[in-house]
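Engineer: Residue strings, one per chain:
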Amino acid sequence: MRNTARPSVDGAHQQDLTGWGRTAPTRAFVAHPAAATELATGMRDHGPRGVIPRGLGRSYGDAAQNAGGNVVCTDRLAGRCELDPVSGRAWVSAGISLGKVIEEVLPRGWFPAVVPGTQFVSIGGAIASDVHGKNHHRDGSFCGHVTAIELVTGSGGQLTLTPNGTDSEAFLATAGGMGLTGVITQAQLQLRPVQTAHVRVETTRTNDLADSMNVLKEADATAHYTVAWVDLLRRGRGRGRGIVTAGAHALPEELGATRSASVKMPPNRRLASVPSVPTRAGVLHPTAMALFNDVYFRRAPARPTTTFAPIWGYFFPLDVVGHWNRLYGRAGMLQYQFVIPDQATDQLIPMVDRLLADGIPIYLAVLKRLRDVPGPLGFPLSGWTLAIDIPVAVANLGPALDRLDAHVAECGGRIYLAKDSRMRADLVPVMYPRLDEWRAVRDRLDPEQVMHSDLDRRLSLVARSSGHKGLLNA
Amino acid sequence: MRDALGRIQSVLLIGGSSEIGLAIVRGLPRIDGASVCLAGPDRPEMEQVARMLRTEGFGEVRVLDFDACAPTDPHGFVAEAWAVEPDVVIVATGYLGDQATASHDPDMALRLIDINFRGLVPALVEIGQRLKTQGHGTLVVMSTVAGERPRVANYTYGAAKAGLDAFTRGLAASIDHAGVQVLVVRPGFVRTRMTAHLTPVPFSTTPDKVAAAVAAAIGGPSKTIWVPGILRWVMRLLRALPESIFRRLPA
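So the protein sequences, as listed, match chains Z and C. For the first sequence, this note's numbering assigns the number 1 to the initial residue and increments by one for each residue that follows. For the second sequence, this note's numbering assigns the number 1 to the initial residue and increments by one for each residue that follows.
Keep in mind the hints are simulated off the structure, nothing from the lab. Keep in mind it's a predicted model, so treat the numbers as computed, not measured. Where a beta carbon is used, it is the ideal one built from N, C-alpha and C, also for glycine. Treat the hints with caution; some may be incorrect.
Where chain C lies over chain Z, by a calculated footprint (3+ residues, C-beta under 8 angstroms) [what the hints assert, rightly or not]:
| hint | segment |
| --- | --- |
| 1 | 26-33 |
| 2 | 67-73 |
| 3 | 297-311 |
| 4 | 453-461 |
With beta-carbon atoms standing in for the labels, derived distance ranges [stated by the list, open to error]:
| hint | chain 1 | residue 1 | chain 2 | residue 2 | range |
| --- | --- | --- | --- | --- | --- |
| 5 | C | Pro-228 | Z | Ala-395 | 50 to 60 angstroms |
| 6 | Z | Asp-45 | C | Ala-79 | 17 to 27 angstroms |
| 7 | Z | Pro-163 | C | Glu-45 | 53 to 63 angstroms |
| 8 | C | Gly-76 | Z | Pro-433 | 32 to 42 angstroms |
I would like the entire structure built from these sequences, with the hints used as guidance.
Structural biologist: In structure tokens, the structure reads:
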């Protein structure tokens with residue numbers, strides 16, 4: 001065993017880390033290497049608890065934590081954003097946020113092929129979680145538009161991985177690999193040409209969850225971007241009513257003279273920031289949230305309407321409030337995101353009903369259709385995904401979500417690892433039947449099993465069973 | 001790893017058939033199928049406990065031999081206990097013994113010191129190192145208010161527990177930076193098999209109440225807890241009393 005009191009990556013200091021949900025903090029040696037070479041040296045001198053990369057900390061759970069080990073923050077690996085304006089391919093550093101990339105490339109007529117619900121994810125994190133967006137039904141996930149990944153492995157080796165190259169297996173294992181194949185230092189993205197910085201949005205109100213599902217599915221047939229916000233605090237017949245938005249990049253001729261008919265950057269504003277909330281359960285309350293939902297719902301036009309929105313507000317609505325996770329108080333929150341396959345479509349409403357019957361307050365719920373992705377640890381599959389935000393300080397939350405886990409697994413569905421903070425390890429191989437295939441590639445890239453995270457330990461991702469964990473410390 | 005809801009995945013209990021220890025194990029918030037490692041000297045009894053725990057929704061339950069009277073190879077023992085990385089380690093060995101005998105029998109006196117303190121030290125050293133390395137987890141050590149001020153009725157037991165209490169608090173300070181919680185638990189009189197022959201005194205409590213207090217303190221800022229909580233203030237008062245008055249108090 002090596003000496004653990006000594007930080008093993010240069011300049012590392014001990015720090016408590018949590019994910020965006022602000023739950024289950026653990027302490028790690030945190031380093032901020034400024035170059036891939038510095039990183040590679042540090043990787044070779046890891047402690048017994050291994051290494052995990054961390055981007056902007058937007059995973060909800062413990063994916064970017066490593067208790068007692070090393071956490072490599074990629075925030076200083078952020079120098080490169082080189083766009084080839086002809087092909088629309090861009091080399092970007094792993095630590096750059098998606099928002100920064102957009103600010104760089106949008107004025108030149110390009111936009112990331114896939115963006116998640118926040119601009120505050122790093123490129124490395126977007127790849128490691130293989131994030132999906134409102135165009136998933138058409139374009140697939142983020143990694144489907146990544147043309148190369150530079151990876152520093154656990155042994156300090158530097159690899160360039162491509163989706164069709166000699167080691168496409170390693171590329172696919174890294175896409176959605178939760179950082180456990182190595183540290184991504186930069187990547188090449190294939191961007192999408194756009195003519196404006198606005199989105200044409202068709203907004204449709206829906207009456208209940210079944211209606212939301214139908215309208216969303218219909219919208220998918222024609223629209224580029226679709227998503228449904230649904231109100232699951234509403235009781236009774238209107239439960240799951242919502243707003244389906246269908247979007248497409250606006251064309252210059254569609255935008256009136258009031259808006260610049262170009263890709264001139266609309267302001268990327270943060271309107272407010274939430275200070276620390278000292279109470280355990282935060283400031284959100286089911287009744288107040290239900291009222292908020294009601295107002296939000298009624299603000300949307302009753303008949304389908306077309307409007308134009310700047311890309312920031314359309315793609316990243318929550319980003320205007322900084323630190324919104326603090327609203328949930330000291331106890332924190334979790335996001336439960338699952339997907340169930342098409343053949344289990346009829347199970348979605350019973351699942352939601354069961355949660356509501358268990359008294360679980362769902363403050364925010366987003367519905368979306370997904371399709372399969374090629375990676376062995378990929379989350380999306382052809383079916384329905386629901387992402388729900390829940391405060392942790394809720395009675396009986398554990399058993400209620402455990403039951404839902406079992407139901408999801410039974411249907412052939414899965415839980416998104418980038419959001420998970422509480423599922424049971426033994427369900428992972430059921431939900432991710434290609435786990436062993438991923439492990440085989442991962443072990444080839446990192447034979448000494450240097451890469452570890454709290455998520456990995458909690459769910460036994462790297463090592464086969466809990467019984468193997470102890471060997472790492474021996 | 002503890003999850004977002006504070007539920008543990010695995011627990012190590014030293015004193016594997018201790019009533020208080022088992023009450024704490026059962027009272028911890030846990031995921032379904034959490035694993036347990038029981039370590040103690042009485043294997044048949046622990047095997048029986050293990051069978052019961054398995055029927056109560058625990059997953060893997062392992063049994064290890066550990067005798068505080070005759071500790072051998074603490075490094076090997078703790079390594080084996082760590083085959084599954086514990087989120088909570090509970091040290092709940094306790095032997096009240098017989099003070100009347102211990103007052104005139106050096107062997108009995110030493111036995112009390114061994115079981116309640118000396119025999120635990122090597123294991124605690126190893127456990128401290130393990131927890132420091134893993135950077136998470138809680139160490140719960142059962143102390144007692146009897147260690148706070150010696151009484152004629154149980155001073156040898158009290159002295160051993162006082163040693164354990166002081167050692168544990170020192171260990172806590174030495175690994176405080178590592179993201180690990182060390183919790184010293186000082187219950188009053190706990191109604192268990194160990195105390196069945198004694199008459200309960202004021203502020204007595206039960207294993208379940210101790211377990212509830214421990215479950216509430218895990219993951220929080222507490223370093224020392226008293227059960228019931230009022231004993232924190234009662235003991236502060238008793239410690240301040242002059243010896244002449246303290247001795248005259250009813251046992």
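Engineer: Look at the Cβ atoms of Asp-45 (chain Z) and Ala-79 (chain C) and judge whether their distance stays inside 17 to 27 angstroms.
Structural biologist: Holds, since Asp-45 (chain Z) and Ala-79 (chain C) (Cβ atoms, about 24 angstroms apart) stay within the stated range.
Engineer: Quick check: do three or more residues in the segment 297-311 of chain Z have a beta carbon closer than 8 angstroms to a beta carbon of chain C?
Structural biologist: violated (count 0)
Engineer: Is the hinted range of 53 to 63 angstroms satisfied by the C-beta distance from Pro-163 (chain Z) to Glu-45 (chain C)?
Structural biologist: holds (59 angstroms)
Engineer: How about the segment 453-461 of chain Z: do at least three of its residues have a C-beta closer than 8 angstroms to a C-beta of chain C?
Structural biologist: Coverage by chain C holds here, the residue count being 3 at a Cβ distance below 8 angstroms.
Engineer: Could you say whether the range 50 to 60 angstroms given as a hint is met by the Cβ separation of Pro-228 (chain C) and Ala-395 (chain Z)?
Structural biologist: Given a distance of about 25 angstroms, which is not inside 50 to 60 angstroms, the answer is violated.
Engineer: 32 to 42 angstroms was suggested as the range; check whether the CB atoms of Gly-76 (chain C) and Pro-433 (chain Z) agree with it.
Structural biologist: The hinted range 32 to 42 angstroms holds for Gly-76 (chain C) and Pro-433 (chain Z), with Cβ atoms some 38 angstroms apart.
Engineer: Go check the segment 67-73 of chain Z versus chain C for me, would you? Three or more residues, Cβ under 8 angstroms, otherwise it fails.
Structural biologist: holds (count 3)
Engineer: At a Cβ distance under 8 angstroms, does chain C reach at least three residues of the segment 26-33 of chain Z?
Structural biologist: holds (count 3)
The earlier numbered hints that this structure contradicts are 3 and 5.
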